[in-house]
Amino acid sequence: MPETAIRELTFAQAVREALAEEMRRDPRVCIFGEDVAEAGTPFKVLSGLVEEFGSERVLDTPISEAGFTGMGVGAAMTGLRPVVDIMFGDFLTLTMDQLVNQAAKVHYMSGGTWKVPMVLRTTLGATRRSAAQHSQSLHAWLCHVPGLKVAMPSTPYDAKGLLKTAIRDDNPVIFFEDKMMYKQKGAVPAEDYTIPFGVADVKREGEDITLVATSSMVEVALGAAKLLEGAGISAEVVDPRTMWPLDEKTLVESAKKTSRAIVIDEGYGRYGVTGEIASVIAEGAFFNLEAPVKRMGAMHVPIPFSPPLEDLTVPTEQTVFDAARALCGQA
Amino acid sequence: MPETAIRELTFAQAVREALAEEMRRDPRVCIFGEDVAEAGTPFKVLSGLVEEFGSERVLDTPISEAGFTGMGVGAAMTGLRPVVDIMFGDFLTLTMDQLVNQAAKVHYMSGGTWKVPMVLRTTLGATRRSAAQHSQSLHAWLCHVPGLKVAMPSTPYDAKGLLKTAIRDDNPVIFFEDKMMYKQKGAVPAEDYTIPFGVADVKREGEDITLVATSSMVEVALGAAKLLEGAGISAEVVDPRTMWPLDEKTLVESAKKTSRAIVIDEGYGRYGVTGEIASVIAEGAFFNLEAPVKRMGAMHVPIPFSPPLEDLTVPTEQTVFDAARALCGQA
Amino acid sequence: MKTITDPAKTDNPVAAELGLRLYRQMVRIRLFEEQVNELYTRALMPGLAHLYIGEEAVAVGICEALKNTDYVTSTHRGHGHCLAKGATPDRMFAELLGKEAGYCRGKGGSMHIADPATGNLGANAIVGGSAGIATGAALTAKRLKTDQVAVCFFGEGALGQGVLYEVMNLASLYKLPVIYVCENNLYTEYTHFSETTAGDILLRGTAFGVHGESVDGQDVRAVHAVAQKLVGRARRGEGPSLLLSNTYRYTGHHVGDINREYYRSKQEEQEWKTKRDPIKNMGEWLAGQKLADRSALEKIESEVREEMKTAVEFAIAAPYPGVEEVDQDVYA
Amino acid sequence: MKTITDPAKTDNPVAAELGLRLYRQMVRIRLFEEQVNELYTRALMPGLAHLYIGEEAVAVGICEALKNTDYVTSTHRGHGHCLAKGATPDRMFAELLGKEAGYCRGKGGSMHIADPATGNLGANAIVGGSAGIATGAALTAKRLKTDQVAVCFFGEGALGQGVLYEVMNLASLYKLPVIYVCENNLYTEYTHFSETTAGDILLRGTAFGVHGESVDGQDVRAVHAVAQKLVGRARRGEGPSLLLSNTYRYTGHHVGDINREYYRSKQEEQEWKTKRDPIKNMGEWLAGQKLADRSALEKIESEVREEMKTAVEFAIAAPYPGVEEVDQDVYA
Ligand SMILES: Cc1ncc(C[n+]2csc(CCOP(=O)(O)OP(=O)(O)O)c2C)c(N)n1
Ligand SMILES: Cc1ncc(C[n+]2csc(CCOP(=O)(O)OP(=O)(O)O)c2C)c(N)n1
Ligand SMILES: [Mg+2]
Ligand SMILES: [Mg+2]
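Chains as they are written, first to last, in my numbering: chain A, 1 to 331; chain B, 1001 to 1331; chain C, 2001 to 2332; chain D, 3001 to 3332.
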């Protein structure tokens, strides 16, 4: 590959490029899901792939999330490397048995003899006016399950690199993409690169407070960090990138350095990701924290359709800014 | 009712008594699930109910967890009060869409017009030599979902009182029973009583450390507390009883008093219940804690079949004892 | 309704009244949906909506065979079912705009309209998601002997969801008064049903002991006739049935699905619109049978147009719910 | 296998060899299971196990029509399938006792035996849980043109699981080389199948375009003949099939299910055991056809008894996995 040029790609293009490159590299990689072929998914993330790889490798399925996820598990065990597409993360509800009782457990239950090199790509995120059954961010469920890995890219760069790692991983990986981010642009190298799992990325360095943010919330945290700069507060933004494996060390070190932390995740705030990460930090940085770790997640309500209500349900630059100022004693 | 006598009942008997009394009180209450009628479930929890209430109210179903849970939602919306039986909590994977996208959201999405007064009873707990697909404690998933309530009794007394509350509640309630506890006995009043949701119970008072424990882990915590007494450490054992609503106040007050806390839950330790409760305590008792809140849950592995391995995967009196001593500086 | 299908009796005033009512109800759905599209293109509606245009005869033919107290469950493409079951356009538009006056106080939106007053258990944005609910409603009806019937509308895409077969089996075992109505409009989102549906649709009911019928979903009289038959069966305790209604959506999967040529031809769309339009054909039949003259039909159309205009205006002017509502009604 | 069902050819040495092999394999399963029950009653086995006694002809008849490289998925009642597909009893017993020498290093136990060397994708304790896996294995076989076939064994209780219909539809659309084998042993746990299964079992395949056959699951020759036919279809790319095998479990749902009279009569059990025992009947047939004399059959039995005895002893003596194994192999 001659070009090491860094182009600007959208998040969707980065995902597609990762898939296309991996499919060229490895003929066992294939895709299945609803409207993935000619339609290229409703989000158009997969446009062009069926044209290049054919309908044997980019397979349209019926609306059978449980069935084709299960088919993915069996295909992965026997020699393919399927990338299963679940259009909305809300439909994970239908795949839980295949993911949790099958995919996650096959390797262990078989005493390490069978493997499930499968990726399941799906979406998360609210504020799309899609109402309660199309707006959830349910990744915490999968993070809770041993045997699964969970990746949550927040930039086009991370999307490409993490997806390649996911496809090459011999374990079931659940890959969450924020559907509001598909059109967002970012620098993405044209060449092949991977990003190791379990390595957090410090998206912005700072001294006074750590903002741990995942997926869609990284942009929000970066926006808040800018506002905070104006208020004289230097915020560090840390993106774990994979929730499992989790880079506890980087999170804890950052909090130790800054002595304050907020964890921001678009999943529900209760019994989810923020509880885990806040606990990790509260334990690891116990003697350095000047204030309790603050958690910000989706409000504990089904996501409402009505725009003025929906906008209240997830953290925003402003609410993160306010919380950070309060935590730093400025409120 | 003449008798206010307190009898000893097993946990299973207490559950059955609650159901029988509620079914006598309210003809709308009915039960469905696999082998619930003549067989009275494999755990024999429901023995005798079909004989008293008939097969219209105690309905054997096919092995269709999604289907009959969905039927429960519709039945609850339209005038029955179903108690749906899911034999093993591991099979919740199959019901997630019905519970999460339907039951939990109906009331809110309909602007408060429809209600879903349904109870779903299921089990949790390992160490039964049932291997990875019959040993999970997946309650954290449901706690994460707004619109659901979650109850987790730890004694026969609580089982009867909480189940009656659940059946009378106009919301979907997920009711978790530890299958290893069914034969355990405890005092249960013969009369009608209910236990309000959202009220934690201090199962043992103590001064030096708070052990927050749920369901199966309450016995373990009480056992550890006895051992700790021998080591000169006075442990308070607090049982939240319902995970949602959660009695944050009692948990935080206890930790403030003792200045140390361990959270013990049989679900997986990562991204689950312990993270939530530890965060609540770490935040609420921030200025009183002498040590980080310690979390103890199931090891992050599919539950192995082999007895010596399985026994390592969940907290025991001994591991809790050791952790508590360490936290109190005795290790 | 036999009266209407029986030419000898077309002068029957009951037939005329029913025929006009079926016609008006279809026109109401059509014009409602045209307004929805308008709201979308004028960027007044948040999110998307899935239009029912072309399929009106199915919802109308069936719901006119139901009592107000009978239950229906609906889908993401649900406006037609809701209207046919008795919802009023003003509160529906208000819901589509996220306003407090909407059926769900704005919290549900286009895909979640529900209304206890008309037996509407709710539209559902999970494909196949309401199959369990409809079956449960039928269980209640049977257990409490209320004589109610439950109708579960779903697109043929829901045939891919296993839960449908689970509940058909349950309904068959318990002989529940539920009618599963498969609206086969030939496409899921962007895929022809033949690519996702093996075997035979009606057999998928028969295999579970569910009585099956199929009907031309563009012919409101035929739909109504078969609906009456199936509702009768259900009320008499004869158990569940599956009705396959063959139909077509004229427009995109949702309002934003404009360029459709990669999955279906303009010609195909044109054929359905010109030859098999349920409203046009019913109008012609009414006229042919001398049950209504052209002007009567035009009058209906202009009345409905007015109704929709007023309703939209109401919705646009209506306020959003107050922010304090965001966490109300999570629990009953 | 035609040779065996064709009386004119019973003197064929191939038929004799195959017949004796079918017989021996059934005896191996029977005696394996008797040992399992023994281990349970002697309290040497942790947990429970679900015995396959009475159903041996199904697993054997089918697996003998497969190659070693073909795939099977199995169920909670899986010992028979595993043995028939080539697993050895020593490592199976070791697994049942949670020992490191077991197929899963003791981590899986009775319900999760898996073995890549014999194409065993794993037993599964989720009813219907392996339907997706088997279908996926067939997809791989088709995509990579490996000529392999996948067989999905399941009890008739799994007919209640929607995912089965989802994958039959997929298999039919993609013409996958998979055979769904329904072992109808008349009961789920404690409920007769007629109380949980409406309609018609074979139609449940037909409705999805899946070719169906039914067979007397007590007749190993019949099972083997139909299996060869269906395997042939699959290998020739003619798509999936559903085989309904009518059979019976002689003992309880699991080893602890002793008092069964509330759900089935002793008489019913007795009838099956005496009149329809697959091993006895095959033995009689072999003798009748002069393919084997009594003593040859007795020799098989005593050899197998010895094999099982040695295998159990191996397993009892084998060590548990080391405690450090507990968190190994969670991830590959
Ligand atoms: C379980 C589930 N999977 C996927 C989707 C996304 N989706 C929404 S509508 C639709 C197509 C539905 O097709 P059909 O059932 O035929 O209804 P139609 O739109 O044709 O009326 C899909 C795939 C969904 N909403 N729910
Ligand atoms: C999804 C699921 N639901 C329930 C169970 C509990 N269970 C284990 S075996 C069984 C009965 C299975 O009956 P069948 O499929 O006919 O197999 P058989 O035991 O007769 O061989 C049930 C209900 C389970 N393991 N998985
Ligand atoms: Mg359709
Ligand atoms: Mg059976």
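Hints are computed from structural coordinates only; laboratory data are not their basis.
A quick note: this is a predicted structure, and the numbers were derived from the prediction, not measured.
Treat each hint with caution, since some may be false.
[To be verified] Below, in silico cross-link-like pairs of lysine-lysine (DSS-like), each with a Cα-Cα straight-line distance of 25 Å or less:
1) K256/A with K183/A
2) K44/A with K2266/C
3) K3309/D with K3266/D
4) K183/A with K164/A
5) K1203/B with K1257/B
6) K1115/B with K2299/C
7) K256/A with K1256/B
8) K3145/D with K115/A
9) K3266/D with K1044/B
10) K2067/C with K1115/B
[What the hints assert, rightly or not] According to the in silico footprint, chain A covers these stretches of chain D (three or more CB under 8 Å from chain A):
11) 3022-3034
12) 3057-3064
13) 3077-3084
14) 3166-3172
15) 3198-3209
Cβ atoms here follow ideal geometry from the backbone N, Cα and C, with glycine treated the same way.
For each hint, the structure was consulted:
no. : hint                 : verdict
1   : K256/A with K183/A   : violated, 35 Å
2   : K44/A with K2266/C   : holds, 22 Å
3   : K3309/D with K3266/D : violated, 30 Å
4   : K183/A with K164/A   : holds, 20 Å
5   : K1203/B with K1257/B : holds, 16 Å
6   : K1115/B with K2299/C : violated, 41 Å
7   : K256/A with K1256/B  : holds, 24 Å
8   : K3145/D with K115/A  : holds, 21 Å
9   : K3266/D with K1044/B : holds, 22 Å
10  : K2067/C with K1115/B : holds, 22 Å
11  : 3022-3034            : violated (count 0)
12  : 3057-3064            : violated (count 0)
13  : 3077-3084            : violated (count 0)
14  : 3166-3172            : holds (count 4)
15  : 3198-3209            : violated (count 0)
When the structure is compared with the earlier hints, violations turn up for hints 1, 3, 6, 11, 12, 13 and 15 and for no others.
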